[in-house]
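Chemist: One letter stands for each residue in the lines below.
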Amino acid sequence: MNDLRHATTEELLALRDGEGGAWTRAHLETCQACAGELWRLEQARARLRALPAFAPPRDRWPEVALMARRERRQRRLRGIVAIATAAALAGITFAALRPASGGDPAAQQAALAREIERSQALEQQLRALDPDQQALTAEAATAAAELENRLAAVDAQLNMPDAWTGNQERVTDLWAQRAGLLSALVDVHTTRVAAAGL
Amino acid sequence: MHHRIVTVMADTIPLGEAKSLVARARAGDMSALEHMYRAYEGSVYSLARRLTRTAEEAEDVLQETFLEVCRSLGSWRGDGSLWGWVRTIAASKALMRYRREKLRETDELKDEMDAAPRSTDVPLRLDLESALQRLSERSRAVVWLHDVEGYTHEEIAELMGMTTSFSKSQLARAHQRLRAWLGEEAWT
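Chain order of the listed sequences is Z and X.
If you read the first sequence in numbering that gives the first Met the number 0, its first letter stands for residue 0, the second for the next number, and so on.
If you read the second sequence in numbering that gives the first Met the number 0, its first letter stands for residue 0, the second for the next number, and so on.
Just so you know, the hints here were simulated from the structure itself, not pulled from any lab data.
Certain hints may be false.
What the hints assert, rightly or not - Computed Cβ-Cβ distance ranges for the label pairs, DEER-style:
hint, chain 1, residue 1, chain 2, residue 2, range
1, X, 80, Z, 71, 19 to 29 Å
2, X, 147, Z, 148, 39 to 49 Å
3, Z, 148, X, 83, 49 to 59 Å
4, Z, 5, X, 149, 26 to 36 Å
5, X, 153, Z, 162, 51 to 61 Å
6, X, 87, Z, 168, 54 to 64 Å
7, X, 18, Z, 49, 26 to 36 Å
What the hints assert, rightly or not - Far from chain X, by Cβ distances over 10 Å, these chain Z residues were calculated:
hint, residue
8, 23
9, 43
10, 90
11, 106
12, 112
13, 149
Think of the CB as a built atom: it goes at the ideal place given N, C-alpha and C, for glycine as much as any other residue.
For reference, chain Z alone in the conformation it holds in the complex (with noise of 0.2 Å):
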């Protein structure tokens, strides 16, 4: 023995772990009882690594999955505030829109009209599909979120009345691609992928 006492656990623990301290080391080579002890350690841990496993006593998935659905859904609700119904969007366009300078003033308006309409209809058909309930590929998951993302993007500038009051057409376009945006998400949600035109 080096010296007048043997190493602690810790030290021990330390040698083991590749740490030790070159006392240690020295010491370990003419203490039996330390070299036992440092055994001791390692065959505790591989002991431990050694014990079975334990398996769930039951299946959790139906749970988590429905809460993981439960939080995404709450999630996209917060994420996509700028969606707006297109009747909250209506109002906003024909509160603001002046009579046009040029054109068919009456023709605009009932293109406008018409883009609406086809707005509300497919809301509500996509209101039906019930989307959050429906479970997705990767594919149709990933268009479904890139078009709520454009859908976000029309409503902005909808709900920006001077960036396209005194210019019917524009906002005529704005709606139609609103549309066409809605389309594309009832087709993603009736796995019509590919005719989402993405």
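Once you've looked at the hints, dock chain X against the given chain Z.
Modeler: For chain X alone, kept in the frame of chain Z given last:
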């Protein structure tokens, strides 16, 4: 009564497949998330069982872990093992319960009782499983995370909100107790 199986605590999903699964799960594909759940549920539950007091708590940790995985998919960078990432979430969830339920005070009292002079430690000749269960929750967590899962003392200190030196001393004390409860020949 819980069924017990022997499993290898290793990543069962190759990195390439893991990246694809995470991308699909991020896009909302529940079948990808289920695939991850099925691959890791045993390992997560088993780890949670070692770090908590009851099977029910371990089941809750299993559920909380995968909900957190679902929320945090974007934070896995794909440059390390997916199991390593999931395992850290599971350990963190299990230890969070420990902190939340204020088991520290109880554990500290238990630690003091366990730390009685060696002369009063009558060898109980327990099997390793029973001896492990007899450790305080904190000591058991340190032993398990370090000796079995391979976490460093620095990582354990961060997970458990303690110092590195405290983690080292906890490990040493836990080994002394295990040795006393098992009897010397029990290790051989």
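Chemist: Hint by hint, note whether the structure agrees.
Modeler: Results of checking the hints against the structure:
At roughly 25 Å, the beta-carbon separation of residue 80 (chain X) and residue 71 (chain Z) lies within the given 19 to 29 Å, and the hint holds. Roughly 44 Å separates the CB atoms of residue 147 (chain X) and residue 148 (chain Z), a value that falls within the hinted 39 to 49 Å. Hint check: residue 148 (chain Z) to residue 83 (chain X), Cβ distance near 32 Å, so the stated range 49 to 59 Å is violated. Distance hint check: the CB atoms of residue 5 (chain Z) and residue 149 (chain X) are about 27 Å apart, consistent with the given range 26 to 36 Å.
At roughly 54 Å, the beta-carbon separation of residue 153 (chain X) and residue 162 (chain Z) lies within the given 51 to 61 Å, and the hint holds. One distance hint, 54 to 64 Å for the beta-carbon pair residue 87 (chain X) and residue 168 (chain Z), holds here, with the actual separation near 55 Å. In this structure the hint that residue 18 (chain X) and residue 49 (chain Z) lie 26 to 36 Å apart at CB holds, the actual value being about 32 Å. The Cβ of residue 23 (chain Z) lies farther than 10 Å from every Cβ of chain X, with a closest approach of about 13 Å, so its non-interface assignment holds.
Against chain X, the non-interface label of residue 43 (chain Z) is violated: not every CB pair exceeds 10 Å, the least being about 6 Å. For residue 90 (chain Z), the non-interface assignment is confirmed: its Cβ lies about 32 Å from the closest Cβ of chain X, beyond the 10 Å cut-off. No Cβ of chain X approaches the Cβ of residue 106 (chain Z) within 10 Å, the least distance being about 42 Å, so the stated non-interface status holds. Listed as outside the interface, residue 112 (chain Z) is consistent with that label: its C-beta sits roughly 35 Å from the nearest C-beta of chain X, beyond the 10 Å cut-off.
For residue 149 (chain Z), the shortest C-beta to C-beta distance to chain X comes to about 16 Å, beyond the 10 Å cut-off, and the non-interface label holds.
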